[in-house]
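Chemist: Start from the sequences and build out the full structure, keeping to the hints where you can.
Line order of the protein sequences matches chains A and B.
If you count by this note's numbering, then the first sequence holds residues 1 to 259, one letter each, in order.
If you count by this note's numbering, then the second sequence holds residues 1 to 464, one letter each, in order.
Please note that a few of the clues may not be correct.
Stated by the list, open to error - Listed next, the in silico DSS-like pairs over lysine-lysine satisfying Cα-Cα at most 25 Å (straight line):
{"#": "1", "chain 1": "B", "residue 1": "146", "chain 2": "A", "residue 2": "164"}
{"#": "2", "chain 1": "B", "residue 1": "270", "chain 2": "B", "residue 2": "330"}
{"#": "3", "chain 1": "B", "residue 1": "269", "chain 2": "B", "residue 2": "330"}
{"#": "4", "chain 1": "A", "residue 1": "164", "chain 2": "B", "residue 2": "270"}
{"#": "5", "chain 1": "B", "residue 1": "330", "chain 2": "A", "residue 2": "234"}
{"#": "6", "chain 1": "B", "residue 1": "131", "chain 2": "A", "residue 2": "154"}
{"#": "7", "chain 1": "A", "residue 1": "153", "chain 2": "A", "residue 2": "57"}
{"#": "8", "chain 1": "A", "residue 1": "164", "chain 2": "A", "residue 2": "190"}
{"#": "9", "chain 1": "B", "residue 1": "330", "chain 2": "A", "residue 2": "92"}
{"#": "10", "chain 1": "B", "residue 1": "269", "chain 2": "A", "residue 2": "92"}
{"#": "11", "chain 1": "A", "residue 1": "154", "chain 2": "A", "residue 2": "234"}
{"#": "12", "chain 1": "A", "residue 1": "70", "chain 2": "A", "residue 2": "164"}
{"#": "13", "chain 1": "A", "residue 1": "154", "chain 2": "B", "residue 2": "269"}
{"#": "14", "chain 1": "B", "residue 1": "131", "chain 2": "A", "residue 2": "190"}
{"#": "15", "chain 1": "A", "residue 1": "70", "chain 2": "A", "residue 2": "92"}
{"#": "16", "chain 1": "B", "residue 1": "45", "chain 2": "A", "residue 2": "164"}
{"#": "17", "chain 1": "A", "residue 1": "70", "chain 2": "B", "residue 2": "269"}
{"#": "18", "chain 1": "B", "residue 1": "330", "chain 2": "A", "residue 2": "190"}
{"#": "19", "chain 1": "A", "residue 1": "190", "chain 2": "A", "residue 2": "153"}
{"#": "20", "chain 1": "A", "residue 1": "92", "chain 2": "B", "residue 2": "45"}
{"#": "21", "chain 1": "A", "residue 1": "234", "chain 2": "A", "residue 2": "190"}
{"#": "22", "chain 1": "A", "residue 1": "153", "chain 2": "A", "residue 2": "234"}
{"#": "23", "chain 1": "B", "residue 1": "146", "chain 2": "A", "residue 2": "92"}
{"#": "24", "chain 1": "B", "residue 1": "330", "chain 2": "A", "residue 2": "57"}
{"#": "25", "chain 1": "B", "residue 1": "146", "chain 2": "B", "residue 2": "131"}
Said to hold, decoys possible - So the derived label-pair ranges between C-beta atoms look like this:
{"#": "26", "chain 1": "B", "residue 1": "242", "chain 2": "A", "residue 2": "182", "range": "50 to 58 Å"}
{"#": "27", "chain 1": "B", "residue 1": "391", "chain 2": "A", "residue 2": "41", "range": "19 to 27 Å"}
{"#": "28", "chain 1": "A", "residue 1": "169", "chain 2": "B", "residue 2": "430", "range": "55 to 63 Å"}
{"#": "29", "chain 1": "B", "residue 1": "426", "chain 2": "A", "residue 2": "166", "range": "36 to 44 Å"}
{"#": "30", "chain 1": "A", "residue 1": "59", "chain 2": "B", "residue 2": "354", "range": "56 to 64 Å"}
{"#": "31", "chain 1": "B", "residue 1": "250", "chain 2": "A", "residue 2": "194", "range": "54 to 62 Å"}
{"#": "32", "chain 1": "A", "residue 1": "226", "chain 2": "B", "residue 2": "333", "range": "16 to 24 Å"}
{"#": "33", "chain 1": "B", "residue 1": "50", "chain 2": "A", "residue 2": "194", "range": "56 to 64 Å"}
{"#": "34", "chain 1": "B", "residue 1": "103", "chain 2": "A", "residue 2": "166", "range": "24 to 32 Å"}
{"#": "35", "chain 1": "B", "residue 1": "321", "chain 2": "A", "residue 2": "169", "range": "18 to 26 Å"}
{"#": "36", "chain 1": "B", "residue 1": "244", "chain 2": "A", "residue 2": "56", "range": "58 to 66 Å"}
{"#": "37", "chain 1": "A", "residue 1": "36", "chain 2": "B", "residue 2": "204", "range": "51 to 59 Å"}
{"#": "38", "chain 1": "A", "residue 1": "74", "chain 2": "B", "residue 2": "219", "range": "34 to 42 Å"}
{"#": "39", "chain 1": "A", "residue 1": "225", "chain 2": "B", "residue 2": "354", "range": "53 to 61 Å"}
Honestly, the hints are just simulated from the structure, not real lab data.
Positions of the beta carbon are idealized from the N, C-alpha and C atoms, including for glycine.
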Amino acid sequence: MSRANAFRALPALVIAALSAGAWGQTPAEIVARADEVRNPNEAFRFLSTLTEYVSGKPQAQNVLAIFSKKDPRTGQFRNLVRYVEPPRDAGKAVLLDGRAFWFYDPASKASVRISPQQRLIGQAAVGDVLTVTMSIDYTASLVSTESVQDANKKPRTCWHLDLKAANELSTYARIEYWVEQGSFQPVKAKFYSDSGRLLKILFYRSFDTWLGGLRPTEAILLDAVDSSRVTTLKSSEHRLQQIPEAWFQREYLPRLEAE
Amino acid sequence: MSFALVALAEPAQVQGQVEDELSRIPSEAPPAPPAAPSGGSRLGKLQRTLYLESATEVEQLRSSLDVPSPSPAPPTIEQRLFADLVLHWIPTRDLTFHLSARGGFRIGEGIPFPTHENIRADFRELYTSWKPFEGAYLDGGRINLKSGVAIGYNPTDFFKTRAVVEPLSIDPAVLREDRLGTLMLRGQFVWGHGSVTAAFAPRVASPPPLYTNTTLPALDPMFGRTNGHHRFLLKGNVDLIEDFSPEALFYEEDGAVRLGINVAQGLGKKIVAYAEWAGGSQPGIAQAALSFGTSTGSLSTAAAGNLATSSATHFQQDASVGLSYANESKMTFWLEYHLHQAGFSRADWRSWFEQGTGPHGQLLSPLLWFERGYAQEEQVPMSKHSLFLRADWTDAFIFNLELTAFANVDLYDGSTLGQVTASYAVTNLWTVSLLSAANLGSRRSEFGSLPSYFSALFAIRHYF
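Modeler: Here's what the structure looks like:
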């Protein structure tokens, strides 16, 4: 940043800091409150319907059953994903457990270990997008307070936060995150790779009451690399669910049902 | 105060970007998928995956071989049409039933028509699972029990032997899909820090001889292939430290014991390292083949005696050690080294070709090819040392196009089995695939000596 730009940005940073302070929240607390809005604390299960658009036209749909439970040691959600639709993928399952990721294919009856990068190739990555606990995986700082348009083009006054990966295995190196002041509702996020490349833009939409809170039921992912690609994720059938620790063993994957 | 800040933080260029982002958001909800969940429980409902596939294969054979392959030669053209069905029924939370089968029709050069050889049915799985309490499972029936963490060759996948019948492709991933389960009783307990599995598969039929393309049974469950011996497997894994949970295996087949270990570990964001090892007392591949041939009546003892092989049985090891690497462009690469100590050494290969081309070559060549056919049915490498490379590219060039390529390289002679597949999901229900494979190498190399030089397969699949 040049000296001139630094001086230009200084008032914004001061005002942003004052603004966050006026609400009595540190950047980390803002992100933590937004985490609480996005997901409940208890173990739960929901369905996610993914629609992939290419040049504005729907090209493919997937339905996933996602089981999420916080790891008591890390506070981060662990996810089990089972493919329900389409028939080509039905029965496939993915275990996303902090650092260990396993993919099970019922056709070959084989579970193979996949890397954090490899898990982003499949649709199961949405489980992480929806349930990632940003306050744990990332270190937040406040950039500014801004009025941003949400997915319905409605202006919202937001904290603009800059999140840096807190450990080397965080899925993204950096996230820009917009959280509405007062409601702590997440509005928008931008995800960056290690090389600083903008990968995805995420909008949250359709807030509704489920599992004890007003939470988003839809996320819209804009592919920043291929501008013709958009994925919408609609969640439904949320319910609290007992998820035994045994489910997070790779040997359990073949037995994971959508129910 | 906040609005003053907005003016500072959102110059016109940023505003333009935001509007561009918002304009990309689809305005209308898409139609629901055909079988979208209605909100009701799926308990008690029958889950079905059914597809119909047409596969047309053409094959170019080598005009001559140093060691002539016994008849029948592989067909140069073959057409297959089959239905693949998987049924999964969960009447209660503690009980499930599972059926997996494939059946269809085939015609091809050298396959008589109309005969039972035109009909093929594989009853892959039929079993029930009961959960007496949380984490404990009892399964009984024909079950496809797979073990191992490697991609190209699984030394600890003890139930793979003779389980594959007439595969559409020699891609290891396809071989795992097309295989028969084993009649067994299996118990499993999974807890928060590990799991243990025990399986017993009884001998229920005599092992049949090796099949050729024109001696495949039509409607036989082929238990002799999967249950020709008493077999027992005990395996388990425990989380020793965070993210490290190796699996140990004990396997016994008619009194012969093999031990195994599986380990897979992430190395940073993009790499996974894995290793798979099995060891036990067994003869070399040639002796095992000849013993099998005489015990099943395929070879006379006198004929088998014409081949000089060592009858010694000693501790032999198998291993797959590899790495996978994924990049941000949805490409994944695997590199794997395979050790099959019971396989052919350089001297064994030299002997194989010398015997096949020597003065008694005509007499010995059926025996020599029998050895290779046996290794193929056992799904073990023919050579002691080989290398396996694979690459997958999801959404290659266009959305829903997947490109896959792999190569199996004999490290003695450099000969290679290579295959490239393009698979395009036209819709959620239609997939088309084009596959081409080649056996490359000199006339006296592992893959260069095979009858098939090049093959291509075009397949259309429709899900119902």
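Chemist: Take the hints in turn and mark each one as holding or not.
Modeler: Here is how each hint holds up against the structure:
{"no.": "1", "hint": "B:146 / A:164", "result": "41 Å, violated"}
{"no.": "2", "hint": "B:270 / B:330", "result": "11 Å, holds"}
{"no.": "3", "hint": "B:269 / B:330", "result": "14 Å, holds"}
{"no.": "4", "hint": "A:164 / B:270", "result": "19 Å, holds"}
{"no.": "5", "hint": "B:330 / A:234", "result": "24 Å, holds"}
{"no.": "6", "hint": "B:131 / A:154", "result": "51 Å, violated"}
{"no.": "7", "hint": "A:153 / A:57", "result": "21 Å, holds"}
{"no.": "8", "hint": "A:164 / A:190", "result": "12 Å, holds"}
{"no.": "9", "hint": "B:330 / A:92", "result": "19 Å, holds"}
{"no.": "10", "hint": "B:269 / A:92", "result": "22 Å, holds"}
{"no.": "11", "hint": "A:154 / A:234", "result": "20 Å, holds"}
{"no.": "12", "hint": "A:70 / A:164", "result": "21 Å, holds"}
{"no.": "13", "hint": "A:154 / B:269", "result": "37 Å, violated"}
{"no.": "14", "hint": "B:131 / A:190", "result": "44 Å, violated"}
{"no.": "15", "hint": "A:70 / A:92", "result": "22 Å, holds"}
{"no.": "16", "hint": "B:45 / A:164", "result": "46 Å, violated"}
{"no.": "17", "hint": "A:70 / B:269", "result": "22 Å, holds"}
{"no.": "18", "hint": "B:330 / A:190", "result": "20 Å, holds"}
{"no.": "19", "hint": "A:190 / A:153", "result": "17 Å, holds"}
{"no.": "20", "hint": "A:92 / B:45", "result": "19 Å, holds"}
{"no.": "21", "hint": "A:234 / A:190", "result": "19 Å, holds"}
{"no.": "22", "hint": "A:153 / A:234", "result": "19 Å, holds"}
{"no.": "23", "hint": "B:146 / A:92", "result": "15 Å, holds"}
{"no.": "24", "hint": "B:330 / A:57", "result": "22 Å, holds"}
{"no.": "25", "hint": "B:146 / B:131", "result": "20 Å, holds"}
{"no.": "26", "hint": "B:242 / A:182: 50 to 58 Å", "result": "39 Å, violated"}
{"no.": "27", "hint": "B:391 / A:41: 19 to 27 Å", "result": "42 Å, violated"}
{"no.": "28", "hint": "A:169 / B:430: 55 to 63 Å", "result": "38 Å, violated"}
{"no.": "29", "hint": "B:426 / A:166: 36 to 44 Å", "result": "43 Å, holds"}
{"no.": "30", "hint": "A:59 / B:354: 56 to 64 Å", "result": "58 Å, holds"}
{"no.": "31", "hint": "B:250 / A:194: 54 to 62 Å", "result": "43 Å, violated"}
{"no.": "32", "hint": "A:226 / B:333: 16 to 24 Å", "result": "22 Å, holds"}
{"no.": "33", "hint": "B:50 / A:194: 56 to 64 Å", "result": "43 Å, violated"}
{"no.": "34", "hint": "B:103 / A:166: 24 to 32 Å", "result": "54 Å, violated"}
{"no.": "35", "hint": "B:321 / A:169: 18 to 26 Å", "result": "24 Å, holds"}
{"no.": "36", "hint": "B:244 / A:56: 58 to 66 Å", "result": "46 Å, violated"}
{"no.": "37", "hint": "A:36 / B:204: 51 to 59 Å", "result": "58 Å, holds"}
{"no.": "38", "hint": "A:74 / B:219: 34 to 42 Å", "result": "54 Å, violated"}
{"no.": "39", "hint": "A:225 / B:354: 53 to 61 Å", "result": "57 Å, holds"}
Of the numbered hints stated above, those contradicted by the structure are hints 1, 6, 13, 14, 16, 26, 27, 28, 31, 33, 34, 36, 38, listed in ascending order.
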